[in-house]
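K.L.:
So you can see what is in the structure, the chains are spelled out below.
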Amino acid sequence: MSELTDLSIEEIRQISVLTRIAMTEDELDVMRTQMSNILDSVAILNEVDTEGVEPTGHSVNIKSVMREDKRQDSLTQDETLLNAPQRDGSFIRIKAVLE
Amino acid sequence: MKSVNLETITIAEARRLLDNKEVSALELTKNYLERIKTFEKNIDAYVTVTEDRALEDANLADKRIGEGTQTNLTGIPMQLKDNICYSGIPTTCSSKMLENFVPPYDASISTYLKNENSVLLGKGNLDEFAMGSSTENSALKLTKNPWDTSRVPGGSSGGPAAAVAASECVFSLGSDTGGSIRQPASLCGVVGMKPTYGLVSRFGLVAFASSLDQIGPLTKSVEDSALVLQSIAGYDSRDSTSLDVKIPDYVSNLTTDLKGFRIGIPKEYFIEGISSGVEKSILDAIEVLKGLGADVKEVSLPHTKYALAVYYIIAPSEASANLARYDGVKYGFSEKNAETMWAGFENTRSNGLGPEVKRRIMLGAYALSAGYYDAYYLKAQKVRTLIRQEFEDVFKNVDVLAMPTSPTTAFKIGDKIDDPLQMYLNDIFTIPANIAGIPGISIPAGLVDGLPVGLQFMAGTLQETNLFKAAYAYEQATDWHNQTPSV
Numbered sequence: 124m125s126e127l128t129d130l131s132i133e134e135i136r137q138i139s140v141l142t143r144i145a146m147t148e149d150e151l152d153v154m155r156t157q158m159s160n161i162l163d164s165v166a167i168l169n170e171v172d173t174e175g176v177e178p179t180g181h182s183v184n185i186k187s188v189m190r191e192d193k194r195q196d197s198l199t200q201d202e203t204l205l206n207a208p209q210r211d212g213s214f215i216r217i218k219a220v221l222e
Numbered sequence: 003m004k005s006v007n008l009e010t011i012t013i014a015e016a017r018r019l020l021d022n023k024e025v026s027a028l029e030l031t032k033n034y035l036e037r038i039k040t041f042e043k044n045i046d047a048y049v050t051v052t053e054d055r056a057l058e059d060a061n062l063a064d065k066r067i068g069e070g071t072q073t074n075l076t077g078i079p080m081q082l083k084d085n086i087c088y089s090g091i092p093t094t095c096s097s098k099m100l101e102n103f104v105p106p107y108d109a110s111i112s113t114y115l116k117n118e119n120s121v122l123l124g125k126g127n128l129d130e131f132a133m134g135s136s137t138e139n140s141a142l143k144l145t146k147n148p149w150d151t152s153r154v155p156g157g158s159s160g161g162p163a164a165a166v167a168a169s170e171c172v173f174s175l176g177s178d179t180g181g182s183i184r185q186p187a188s189l190c191g192v193v194g195m196k197p198t199y200g201l202v203s204r205f206g207l208v209a210f211a212s213s214l215d216q217i218g219p220l221t222k223s224v225e226d227s228a229l230v231l232q233s234i235a236g237y238d239s240r241d242s243t244s245l246d247v248k249i250p251d252y253v254s255n256l257t258t259d260l261k262g263f264r265i266g267i268p269k270e271y272f273i274e275g276i277s278s279g280v281e282k283s284i285l286d287a288i289e290v291l292k293g294l295g296a297d298v299k300e301v302s303l304p305h306t307k308y309a310l311a312v313y314y315i316i317a318p319s320e321a322s323a324n325l326a327r328y329d330g331v332k333y334g335f336s337e338k339n340a341e342t343m344w345a346g347f348e349n350t351r352s353n354g355l356g357p358e359v360k361r362r363i364m365l366g367a368y369a370l371s372a373g374y375y376d377a378y379y380l381k382a383q384k385v386r387t388l389i390r391q392e393f394e395d396v397f398k399n400v401d402v403l404a405m406p407t408s409p410t411t412a413f414k415i416g417d418k419i420d421d422p423l424q425m426y427l428n429d430i431f432t433i434p435a436n437i438a439g440i441p442g443i444s445i446p447a448g449l450v451d452g453l454p455v456g457l458q459f460m461a462g463t464l465q466e467t468n469l470f471k472a473a474y475a476y477e478q479a480t481d482w483h484n485q486t487p488s489v
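These protein sequences, in sequence, are chains A and B. Taking the working numbering, the leading residue of the first sequence gets 124, the next gets one more, and so forth. Taking the working numbering, the leading residue of the second sequence gets 3, the next gets one more, and so forth.
Hints are computed from structural coordinates only; laboratory data are not their basis. Mixed in with the good hints there might be a few duds.
Unchecked claim - Using 27 Å as the maximum straight-line C-alpha spacing, the simulated DSS-like pairs for lysine-lysine come out as follows: (1) K43/B <-> K32/B; (2) K269/B <-> K218/A; (3) K43/B <-> K186/A; (4) K248/B <-> K218/A; (5) K98/B <-> K269/B; (6) K218/A <-> K360/B; (7) K98/B <-> K218/A; (8) K398/B <-> K186/A.
Stated by the list, open to error - Computed Cβ-Cβ distance ranges for the label pairs, DEER-style: (9) T257/B <-> A166/A: 23 to 33 Å; (10) L151/A <-> V247/B: 17 to 27 Å; (11) N44/B <-> F214/A: 12 to 22 Å; (12) T10/B <-> L151/A: 47 to 57 Å.
As the list claims (entries may be wrong) - Here are some of the chain B residues that sit facing chain A, going by a computed Cβ distance under 10 Å: (13) N255; (14) L256; (15) N324; (16) G330.
Being a predicted model, the structure only gives us computed values, none of them experimental. Just so it is clear, CB atoms sit at the ideal spot from N, CA and C, and this is done for glycine as well.
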């Protein structure tokens, strides 16, 4: 990755599909330049010898926690659905999944 | 209504006035609401002002003070950054996506503050989803720096920093993923503190980059910072990365004596790109610390120069996963004029999210995608290990590190917004603490051309006591924290 990153419009288009963000051709082009520049700037990491180094996911040592399987109060159905953009009784309404 | 000088009042002073019945929580709150009405026209630090909530909270606080059961933050008027959920009050993340979102639950820290009967004045503006360093990425408001309203307040907690600086609240709570508390605190001349990762519960903080995000206080003094942290730190079973550790008494450990206290100056933080005014202020501050008896020595953290690159892989990667939830189905903005379900998702995200948020989601998705994962994400996580180890090693020889918070003072609105890479450089001195999970604090340490400079301290994991000790000693020996902007 020592040469400059040059993402293609097709690569950006594919990411916009994967991330479900609709973009115009102009927006894709701006994103192509900006993302290429940002990826260039992070290429500096290739200087670092990481042979045998373990990756860090979190900075603290986290142990998995177990708890008793006991009933607890939670939000009511009404509270949970309070912010639903389209509601039908106790359901959230969406467009047809199967066409 | 009894009038109080809000420009200088700290939590500690307000506590004394409230406890001595020299002022009621209701009077204090009304003073702030009045001040917000006057100054918001110029500052725009608040996304939402919760006047009714504030008056109700104040009455509850007065009742409690009357009963003599008050705690440190009872009746203290405060603000929350608008990515911290508070039941029944809009939590927008300054995004069109959540503009009308009203959480049906509290963040854990909101519950803690309610339990103390603190007074919620409102919610503070931020860069959309806390992504930015100037608060210009807010989709809802343009916050101005109280020291010069043609300049940015920093970010992403620009609303909280500006609100504390303009005395539109006694304290505020922000979140810091790469410097989002400390950098705006520096640019607005207030105290901003990021605790050790895991010390404060993230439950109810809208997620940006989960391995880096941490909530912390923005205050007018170091003592206030310690007081607020005391109230919000502690184990929470609802946050899977919460640390189950004993919380020390931060306030009683504050001291002005630095004899034998070891302070490291990392040479990598005095580099090209730092403004001469900032550099001089920090070098002056180091002389003050020496004068207080501190044992000051130069140290080296050679991996510092990789921290920004590590951050701009890890934070967008985590963001791309966290922000996948905004689909217009369960809550938030929803583009209803779509033919199909897929078009609905795509248009919702296209129209509901701003440019910086889209950039980070797409960058993260790219870094995590098949074929690039090892080269970007895994590589960044490995370098993260090296940065963390380097800090661990240096803290065997020093108690804290001292350095600038930000390479420059507040810049003009519009100056950097079109160049993401220039904007990212603002966080070059703050990001390493997030990468390593260690605590950091920024305190006022000078004025250059009338604009505040921040001095930053970092300490080892869970060494907040050392952090506060250095910051308090410096603050008490100088007068910078007493300077206020004329808004």
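K.L.:
Please flag the earlier hints that this structure goes against, numbers listed from lowest up.
P.N.:
Checked against the structure, the hints that fail are numbers 2, 3, 4, 5, 9, 10, 11, 13, 14, 15, while the rest are satisfied.
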